[in-house]
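Number of protein chains: 2
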Amino acid sequence: MRYELYYWPTIQGRGEFARLVLEEAAADYVDVGREAGPGQGDSALERVLARGAKGRRPFALPALKAGSLVISQTANILLYLARHHDLGPDEEATGHWALGLQLTLADWVTEVHDTHHPIAGSLYYADQRTEARRRARHFLAERLPLFLGYFETVLEHNPDGPDHLVGKRLTYVDLSLFQVLAGLRYAFPHAMRESESVHPRLGRLFDAVARRPRIAAYLASPRRLPFNQDGIFRHYPELDLPAS
Amino acid sequence: MRYELYYWPTIQGRGEFARLVLEEAAADYVDVGREAGPGQGDSALERVLARGAKGRRPFALPALKAGSLVISQTANILLYLARHHDLGPDEEATGHWALGLQLTLADWVTEVHDTHHPIAGSLYYADQRTEARRRARHFLAERLPLFLGYFETVLEHNPDGPDHLVGKRLTYVDLSLFQVLAGLRYAFPHAMRESESVHPRLGRLFDAVARRPRIAAYLASPRRLPFNQDGIFRHYPELDLPAS
Numbered sequence: 002m003r004y005e006l007y008y009w010p011t012i013q014g015r016g017e018f019a020r021l022v023l024e025e026a027a028a029d030y031v032d033v034g035r036e037a038g039p040g041q042g043d044s045a046l047e048r049v050l051a052r053g054a055k056g057r058r059p060f061a062l063p064a065l066k067a068g069s070l071v072i073s074q075t076a077n078i079l080l081y082l083a084r085h086h087d088l089g090p091d092e093e094a095t096g097h098w099a100l101g102l103q104l105t106l107a108d109w110v111t112e113v114h115d116t117h118h119p120i121a122g123s124l125y126y127a128d129q130r131t132e133a134r135r136r137a138r139h140f141l142a143e144r145l146p147l148f149l150g151y152f153e154t155v156l157e158h159n160p161d162g163p164d165h166l167v168g169k170r171l172t173y174v175d176l177s178l179f180q181v182l183a184g185l186r187y188a189f190p191h192a193m194r195e196s197e198s199v200h201p202r203l204g205r206l207f208d209a210v211a212r213r214p215r216i217a218a219y220l221a222s223p224r225r226l227p228f229n230q231d232g233i234f235r236h237y238p239e240l241d242l243p244a245s
Numbered sequence: 002m003r004y005e006l007y008y009w010p011t012i013q014g015r016g017e018f019a020r021l022v023l024e025e026a027a028a029d030y031v032d033v034g035r036e037a038g039p040g041q042g043d044s045a046l047e048r049v050l051a052r053g054a055k056g057r058r059p060f061a062l063p064a065l066k067a068g069s070l071v072i073s074q075t076a077n078i079l080l081y082l083a084r085h086h087d088l089g090p091d092e093e094a095t096g097h098w099a100l101g102l103q104l105t106l107a108d109w110v111t112e113v114h115d116t117h118h119p120i121a122g123s124l125y126y127a128d129q130r131t132e133a134r135r136r137a138r139h140f141l142a143e144r145l146p147l148f149l150g151y152f153e154t155v156l157e158h159n160p161d162g163p164d165h166l167v168g169k170r171l172t173y174v175d176l177s178l179f180q181v182l183a184g185l186r187y188a189f190p191h192a193m194r195e196s197e198s199v200h201p202r203l204g205r206l207f208d209a210v211a212r213r214p215r216i217a218a219y220l221a222s223p224r225r226l227p228f229n230q231d232g233i234f235r236h237y238p239e240l241d242l243p244a245s
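Chains as they are written, first to last, in the numbering used here: chain A, 2 to 245; chain B, 2 to 245.
These aren't lab readings, by the way, just hints derived from the structure by calculation.
Among the hints, a few may not be true.
Stated by the list, open to error - Computed Cβ-Cβ distance ranges for the label pairs, DEER-style: (1) B/TYR126 / A/ASP164: 40 to 46 Å; (2) B/THR95 / A/ASP164: 33 to 39 Å; (3) B/THR154 / A/PRO160: 44 to 50 Å; (4) A/HIS236 / B/GLY68: 22 to 28 Å; (5) A/SER123 / B/VAL199: 19 to 25 Å.
Every value quoted in this text rests on a predicted model; they were computed, and no experiment measured them.
All C-beta atoms, glycine included, are put in the ideal place defined by N, C-alpha and C.
Model the full assembly from the supplied sequences, consistent with the hints where possible.
Right, here's the structure in full:
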């Protein structure tokens, strides 16, 4: 089966979490927004948002079409892909542990987004810059260390060793953590540099994921869009303050 | 098995989504924060946050203890409870549709929270009131109609009829939508009153859930905390502006 991934063609955004799993699984997929040809990608995205499949319409993108199924919400897409491509835990208890971590990553991503858009997604950054500075200051001082510290201790306390968040082999949650760390390093290089030495396990997981053959090939390919100032992770130097 | 629900004892908050499912399932559960006795509830909550079970520590509450399992993140808890108490869809495709809706509700709840806390959860409302007015104005004008309209059309297009979001019988997603609507009516009575006539199916679902015998009994009991100014849904008249 050839999957169809529906996501905005010019940003990594939340679609990137799905792309990483599809790439690691070597799954057959079309990135519809990017590959449908000039002008056609956008209308395909609008069509899936307007109609979905069998009256099941996503509220937002990303969405994954798998046969007659349209699945939306990032964690939900990953859950499906992980189950079908052996990139999640097998047993129920560990599955819930992994999903809890993934949803915590999703919350973290939303908080990162809101550092540059604390008032409204419909406004430009320039129109909420004052509020963004204030929100980013609190995010870097309070939330970033809390999230980083949490995932560092999850690795530390994994009874199967600190190479993975869950169990002894790669799961979709490791791929998502890699992406969040990549985004944070782009958006907040100053604040993140300060944190590297205190969170060695996060850095090692990041490196190990980046070295996986399929992920390395993907990151080096034109399929991997660069981070930019339209996505979730944006680099505005005035927001990247020291954490203290 | 007696479940243990871990959540802050003085607010409905995100714990309420779990409580509604537990009540509808007539499940045996202890609301640890509220029932552990004076002073003991809080330390039990801190203990689960600090230790979890077998090194699996929740990032935040609510958390549900089910035997040796500690499950965190609201949608994850509901997924577990729905599966074990027959309050979710049976087949995989419909399960993903339901989870996608639940995660959309979760995003909506986060946006509601941020109308009164657009800068930081660590600050008082009074310290971010100016930003809150701005964010709430955008939320009511742009986001609230979008979410309400979306769930209205989900009901409208359910091939099994508009009484439920998914399929032909009650699922956990209906209970969560009920709770979001209840919270919005409390927080934004003015804005919500305007919307009632254009979203008749939402109102009918709300009424039908409130009339279910176990839910009605729960809502009338002291176990149902009233909405208040510490939870996610707060009523600040200055934020409850007309949507136009």
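Exercise for the section: Go ahead and decide if the range 40 to 46 Å is satisfied by the Cβ distance of B/TYR126 to A/ASP164. Expected result: Taking Cβ atoms as reference, B/TYR126 and A/ASP164 lie about 43 Å apart, which means the hint holds.
Problem - Outcome for the supplied range 33 to 39 Å, where the beta carbon pair is B/THR95 and A/ASP164 - result: holds (36 Å)
Practice task
Indicate whether the distance between the beta carbons of B/THR154 and A/PRO160 respects the range 44 to 50 Å.
Solution key: holds (46 Å)
Handout entry: Cβ separation of A/SER123 and B/VAL199, checked against the hinted range 19 to 25 Å
Key = The hint (19 to 25 Å, Cβ to Cβ) holds, given that A/SER123 and B/VAL199 are roughly 21 Å apart.
Problem - CB-CB spacing for B/GLY68 and A/HIS236 relative to the 22 to 28 Å hint - result: violated (46 Å)
Comparing the model with each earlier hint shows a violation of hint 4 alone; every other hint is respected.
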